[in-house]
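Participant: One letter stands for each residue in the lines below.
2 protein chains.
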Amino acid sequence: MASELMTIPARKGKAAVVRAGQRIKIINTHGQQVVDTWAFNLCDMNEYLSMQHTRAYLDKIIPQAGDDLVSNRRRPMLRFVQDTSRGVHDTLIAACDIYRYIGLGVSEYHDNCQDNFFAAMGALGHHPAFCPSPLNLWMNTPARDNTIVWLPPVCKAGDFVVLEACFDCVVAMSACPQDVVPINGVGCTPTEAHFVVLEG
Amino acid sequence: MASELMTIPARKGKAAVVRAGQRIKIINTHGQQVVDTWAFNLCDMNEYLSMQHTRAYLDKIIPQAGDDLVSNRRRPMLRFVQDTSRGVHDTLIAACDIYRYIGLGVSEYHDNCQDNFFAAMGALGHHPAFCPSPLNLWMNTPARDNTIVWLPPVCKAGDFVVLEACFDCVVAMSACPQDVVPINGVGCTPTEAHFVVLEG
Chain A
1 MASELMTIPA RKGKAAVVRA GQRIKIINTH GQQVVDTWAF NLCDMNEYLS
51 MQHTRAYLDK IIPQAGDDLV SNRRRPMLRF VQDTSRGVHD TLIAACDIYR
101 YIGLGVSEYH DNCQDNFFAA MGALGHHPAF CPSPLNLWMN TPARDNTIVW
151 LPPVCKAGDF VVLEACFDCV VAMSACPQDV VPINGVGCTP TEAHFVVLEG
Chain B
201 MASELMTIPA RKGKAAVVRA GQRIKIINTH GQQVVDTWAF NLCDMNEYLS
251 MQHTRAYLDK IIPQAGDDLV SNRRRPMLRF VQDTSRGVHD TLIAACDIYR
301 YIGLGVSEYH DNCQDNFFAA MGALGHHPAF CPSPLNLWMN TPARDNTIVW
351 LPPVCKAGDF VVLEACFDCV VAMSACPQDV VPINGVGCTP TEAHFVVLEG
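If you read the protein sequences in the order shown, they are chains A and B.
Start counting the first sequence at 1; every next residue gets the next number (the working numbering).
Start counting the second sequence at 201; every next residue gets the next number (the working numbering).
Possibly wrong hints are sitting among the right ones.
With a straight-line Cα cutoff of 25 Å, these simulated SDA-like cross-link-like pairs (lysine to any residue) come out [to be verified]:
hint, chain 1, residue 1, chain 2, residue 2
1, A, LYS60, B, GLY303
2, B, LYS260, A, PRO142
3, A, LYS12, A, GLY31
Derived by calculation from the structure, the hints in this document are not laboratory data.
Whole structure, please, built from the sequences with the hints as guidance.
Facilitator: Structure (C-alpha cells):
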C-alpha cells in the first residue's frame, strides 16, 4: 500500500514521516531536478542523516544502491534500496542559501534549499537547530582530482530512488531553486518533483 | 609578538581565541599527528567554519595555502596563509566519536575528537549545539574515483600551517586519539601537537 503521490513544488520543500520499514520513493519527474534530501530521527532531532559520517562509514563519496546511509551516531538510518538513474548524486556541497544567491549577484530574496528545509520541517512541527549537509540527489558535481565541477544532471524523466527507513524518520526534501548556475539542467528552469511513501 | 607555545596534549583538545588579523600557527610537532580543527565566530556561535560551504566556495575538496576557508554564511573566516607540508589534509570525514570506536570493537570509553571538541570549547565557556564537520589537518584520506582510502600522514616533524582570522574567532583543535586505524601513522601512537597565536 502506498501513500498518495506527493508533490514537492518547484523551488520549494516538503517533509514526510517515514516509519521504520517504510520506503520513500523520490521521483525526478521531469528529469533534470536536483532534490536536496535530509532525514532526522522522529523521536530525537539531535540524530540526523550525516554526509560526513556516511562517507566514513561507506568509504565512498557517493552512496550507491545497496548502501546504508548513517546518522551522526553512525547507525544505519536510510537504506538506499533502489536507484534507476546512473547513480550521480552529491554529498560534498552545502544546501543553497541566501548567502549563495547574494554571492551570485541576486539582489532580491531568492528561494533556497536551506530555507525550504526549515519551512518543510516546521510545517510538521520540527525545528532543527541547524541545517545539516544534505544528500543532493541527482546533483552532478564530481571531484576531478581536487577540483569540483558543476554540471547538469545526467538522469532522465521518471528516474527515482528508493530509501528505506531503518527507524522512524522525518525526511525533508527541497526541489532546488538554483536558476543561476545550470545545476538543474542547462535551461536553468527548476521544476517540481514527487515522492510517495510505500509500505516495506 | 606571539603568544607562548601552547600544547594540544596527545589524545586531547584545546581551544583558543584568535582575533581578527591574528594568525594561528598549528604545528605537527612529531610529524604523524592528525589535528581536527574547528572555528566559530566569537560573537555568534551560530556561525562556524563549514567544510561543505568551503568546498562549494573553492570548488575544491582540500583547501590549499592562499585559499579562504568560509563559514556557513559563506564569508571568509580563516585565510589559509601558509602550509609547509605537502598539503594533504581532509574535509570529507567526521570527527571520531564514541560510536566510531564502538564500531571498531573498542569496549571501553575511548578518547575521541568530538568529545575533545566539546571539552575544549567548554573550557572557554562555549557550548555549541553540535559538532560541525572538521578540517582534518594532515589527515590522508584521499578519494580515488569514488573510494576513500585511509592512509598515514605524509608530513614531517615540525610541519605547520598558518591560518589568519578574518574576524574574531574561537579555534578548537583535537590531537586525534585514533589508535586503531593507522591514521596517525603506522605506529598507531597519537602524539601531542602545538600551536601559537601570532599578531598579523
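Participant: Next step is simple, just say for each hint if it's right about the structure.
Facilitator: Right, here's what the structure says about each hint:
1. A/LYS60 <-> B/GLY303: Holds - the C-alpha atoms of B/GLY303 and A/LYS60 are around 17 Å apart, at most 25 Å.
2. B/LYS260 <-> A/PRO142: 10 Å, holds
3. A/LYS12 <-> A/GLY31: Judged against 25 Å, a Cα distance of about 17 Å means the pair holds.
Violated hints are absent here; each numbered hint is respected by the structure.
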